[in-house]
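Spelled out, the chains give:
Protein chains: 2
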Amino acid sequence: MFHHPGAMGDSDLRSRVVLESIRPAVDGGRYPIKRTLHEPVEVSVQMFADGHDRVAGDLCFAGTEHDDPLRVPLRKVTGDLHCAVFVPDALGIQRYWIEAWIDRWATWCDGSAKKAAAGVDIAVELQEGMAMLRDASVRAAPQHRAALDRAAAALKEPGAAHRLELVLGPHIAELMHAASERRHATRSEAHEVWVEPERARFCAWYELFPRSASPDPARPGTLQDVTRRLEYVAELGFDTVYLPPVHPIGRTKRKGPNNALVAAPEDPGSPWAIGSAEGGHLALHPELGTWEDFRALVERAESLNLHVALDVAFQCSPDHPWVHEHPEWFRHRPDGSIHTAENPPKRYEDIYPLDFESPDAGELWNALLNVFTFWIERGVRSFRVDNPHTKSFRFWAWVIRRIKEMHPDVIFLSEAFARPNVARHLAKSGFTQSYGYFPWKNGRGEIEEYFREITRPEVLDYMRTSSWTNTPDILTEYLQWGGRPAAVIRAILAATLSASWGVYGPAFELVDVRPRQAGSEEYLDSEKYQVRHWNLNASHSLAPLLKRLNEIRRTYPAFHSDRTLEFLPASDPAVVAHRKSGGGRTLVTVVSVDPHGVRETELELPFVDGTRPYQVHDLLSDERYLWTGQRQRLRLDPASMPARVFVIREEHRSESDFEYWT
Amino acid sequence: MFHHPGAMGDSDLRSRVVLESIRPAVDGGRYPIKRTLHEPVEVSVQMFADGHDRVAGDLCFAGTEHDDPLRVPLRKVTGDLHCAVFVPDALGIQRYWIEAWIDRWATWCDGSAKKAAAGVDIAVELQEGMAMLRDASVRAAPQHRAALDRAAAALKEPGAAHRLELVLGPHIAELMHAASERRHATRSEAHEVWVEPERARFCAWYELFPRSASPDPARPGTLQDVTRRLEYVAELGFDTVYLPPVHPIGRTKRKGPNNALVAAPEDPGSPWAIGSAEGGHLALHPELGTWEDFRALVERAESLNLHVALDVAFQCSPDHPWVHEHPEWFRHRPDGSIHTAENPPKRYEDIYPLDFESPDAGELWNALLNVFTFWIERGVRSFRVDNPHTKSFRFWAWVIRRIKEMHPDVIFLSEAFARPNVARHLAKSGFTQSYGYFPWKNGRGEIEEYFREITRPEVLDYMRTSSWTNTPDILTEYLQWGGRPAAVIRAILAATLSASWGVYGPAFELVDVRPRQAGSEEYLDSEKYQVRHWNLNASHSLAPLLKRLNEIRRTYPAFHSDRTLEFLPASDPAVVAHRKSGGGRTLVTVVSVDPHGVRETELELPFVDGTRPYQVHDLLSDERYLWTGQRQRLRLDPASMPARVFVIREEHRSESDFEYWT
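First to last, the protein sequences are chains Z and S. Plus 589 on top of the position in the first sequence (first one is 1) and you've got the working numbering. Plus 589 on top of the position in the second sequence (first one is 1) and you've got the working numbering.
Below, computed lysine-lysine pairings styled on DSS-like, alpha-carbon distance capped at 27 Å: (1) Z:842 <-> S:704; (2) S:703 <-> Z:935; (3) S:935 <-> Z:703.
What the hints contain is simulated information worked out from the structure, not anything from laboratory work. Quick caveat: nothing in here was measured; it's all calculated off a predicted structure.
Construct the complete structure from the given sequences, taking the supplied hints into account.
Structure below.
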């Protein structure tokens, strides 16, 4: 009738320490947290035991739960809250957990000191203390033994009760912690941290269509043209060049310019209608070039410190080889035809979605994994994933984990312009970065609300948002109506608010803002359906601004992370002001979101010591000021420059810095 | 190199529905939620899938995860949020979980309707719909088949595209849900719900010392005296009579009256110093009576609808048989002596704590479990556990679960006047009720803040707080200084704010408020150390008030739960006003917390329709009023009655209720 206590399935029923509310943790530890290499992980835990005994513990981290972990002793913050920090020093999937135990030494120190102070006889306590010190000495590292033995000896001497302080200090406490037996330790569940390369957090994306990269308006662009254009992208300071799909394009139901339902024979089609007789996701479009060209492109990019990002769109044109080789990977209708993509009543007849419920799902998943590894083997380390929210979430969790296990330096950008639950779930499932709703946040209120939400630590722990000024699908009305000043404003906001930002160029820097029709967010003559040619040397190009923004971002660590973002009060409701800090510098960015009128605003800087002058350097105009006080008036003119990016320098020299002082 | 997707350890890699944020859940499902029999459990979940497909799901509940569950279809609330309710109909540990799948039928209905409306040819869609209806008919319950077959036939008829509405309605949708194949369903983790008897939630405790129950001042009380006193307790309307430990009391280091360090030979000692040569936790104190007396007590209680609650204090006097029989259950010091309980520099030498880290912990745990089952077999179904926070939390989780598995009607009251983390962890570990900090919440602000915190649904899901006016350890300064009005105020607050309340009597109703010394919360001449005699017929007794309060509590379901508690604005800061509702009635309680002066206050009733008169009945004075408007003035006089308990009746008769109307 009675079950043995061991039946509760716990290795050590004598464990007395309780661990609760371990942070960071995504959904109670169901999903990994994310960090980049050397980005500290501050872990906190509510830790307590029954009775009056003191508790101690370590934050442990290791590659797997079974490895011998690195240990950082937990420090008490307040009440039951304890904290410790570790700094991941290798890429990949790692684990952290807490181990905690009754701290017999601290309990003894506490009790003995109080009893001695109250004049209680502590002869037996002294014996206990000695025994603990001697036991610890046996377990201790060789260099610690002498100190522990000396402490034990001190407790043996007559009058030791009055010289307890010899053993009560933090030095002995530290040695005792290190040599702790950790008897009946409670061990928390292990939590995963995915340690990713720095560009997972700090990244500047530049999207371009290879077929529009030709300097010769008489012919479409090729991979060789892209290779030549890399220098331009690098000069602008971007670190990742992202190419829409480079695969053969289907002919069946091919779309014409401006999404026309019927294409002329010479129309190139949409690169997202992947697959033709020439091949599918593992092939290069013959008109773009050869494998040798692709290799040369990747090598040139590397020499310029650029990453090449490919688009991964798991869908097939009706001409994709898989349609014939693997009919079971597609859903069929009662008349034998294949289900096309649809958003009723619309049907997208040039696209067949893959059926993630296929009876052959295992083979399908492996084939898709193979698409990634195929391109990884060809030097690609960054992927922009098209519409991941229309493919199985479970598949993404599986495939990204598999790739991370093999290639922890690979990153994935999720293009899920879907509702927050969906976008967030994809981030939890492993996507490195996620396109955000930035394009549609144009007023101060909505900008502040949105960025406050996505930069909460609990969100940043799993979702890193990338803010894009535009994409081939998103030419916002703000850009359409606001002209060049609007583009300037959006570039400065994206580059300063988000450690990861991106532009789709050259449309962006050349301020191509004509929509296909009023009310549409599609570009007129979109590169999605036709070849375009761009004059990169146009005098109105925003290239110098983009270059300056990327320079500023690289120079100032404040812009390498979103954790410190804080909005500042500005009297004009059309002015967004924010502060970021890092590397010992505070950066204050002030942007008018009114592309039409001059704005004058009072800016509040509540964090400066308003009683002393401080130096302010506007990195956009290169002007320098000496300010006093926490309030400053600014004038922002969209015709010249609607923004400031200030470095605040509060270091004050005083008479004591002068060389003859002392 | 490639792992088969199956290696992710999931039974169905084709599952496409994501389940997040299942509520209620304590610490993400680590601990059980608590309900009483027939108390509804409203479960919500964020449920969604990739793409445009519709999702459907069931809330499932069953005794174990492997049982065939009862199913309640989830209803969409808003966005991805879905809800369903189940009503537990059996005591014990049960499980609930979510199963969800792609709702092919709803997806088809949506798409086909939109396409038909847009004039798209849906011939193939009609074939798909027919096939789905026919498949479902095969799986459906016999009584549903005809309707499904008729719907399928309707889709075959010419012109069906224009009569789609025949199959789109909620009736077919319901049949299709019931007959759903639940293909590739996603199943959430199972969450536990502990279903307990109603008194786990709604309970009135009365504590009394058996040895002070004698009607004859010349001799101490016995179990027979307690049996005779049960009628008094039942008359006052309490449902549980709780007895401090009834075991033999140790002689070694026995405490004298008022906690004197040395006891005289005739001093009875503290009942919590358990164990002597006569026995330990499984024995009756010989002076209290025999097993026959105990049986008679339990039977008499049952006949009066009273539960007998025993005190469980897992500690031993130095004379407890376990000290000699199981020395390994205690911690020893280097000099061979046993560690006494201590709170340095104090040592409690009449008490040995048990060592939950004993090498023999398994045997110890079973022995303690046996203490519970021993008394359960003797008719005890309620336990008040002394200082559970000084014993291993893991032990409590284990022992309470074991008992709940065998005797789901047993309840446990946790006496953990410890910091919130500790008290809450004990509740999560399985304790049915917990003493709260109510005794120390005497001002309006602290009362409101405290009760708002403990009645948040996330807290109520695992912790039910019992509010006590006093205990043998807690005679608050508020009671000491406030005299009889203070006692009246505290009784009314406890009885109305908390579905579970308790008093330690007869000290409470006889307004014994003399402390052992100024600044102490201990009673002078406390029953903990000596026998007392009480004149239950004293004219100043609060017995009539307690009786009325318990009557009101029984009559009005509003007082049977804390879920509806809401505070109301009152202009006087010394007036607490709250509202509870249930069983179709709204109860408004107004209490002045000033035991000395008359208070006049304006009360706000924002929930009434202020434009029409409504009936108000004060259950304490039995006065009735007709009020109009949302603001009322009240006068509360501590000399007569510092409180009102109003039933609000808003039912309005109108001319249409008159019998000749129509």
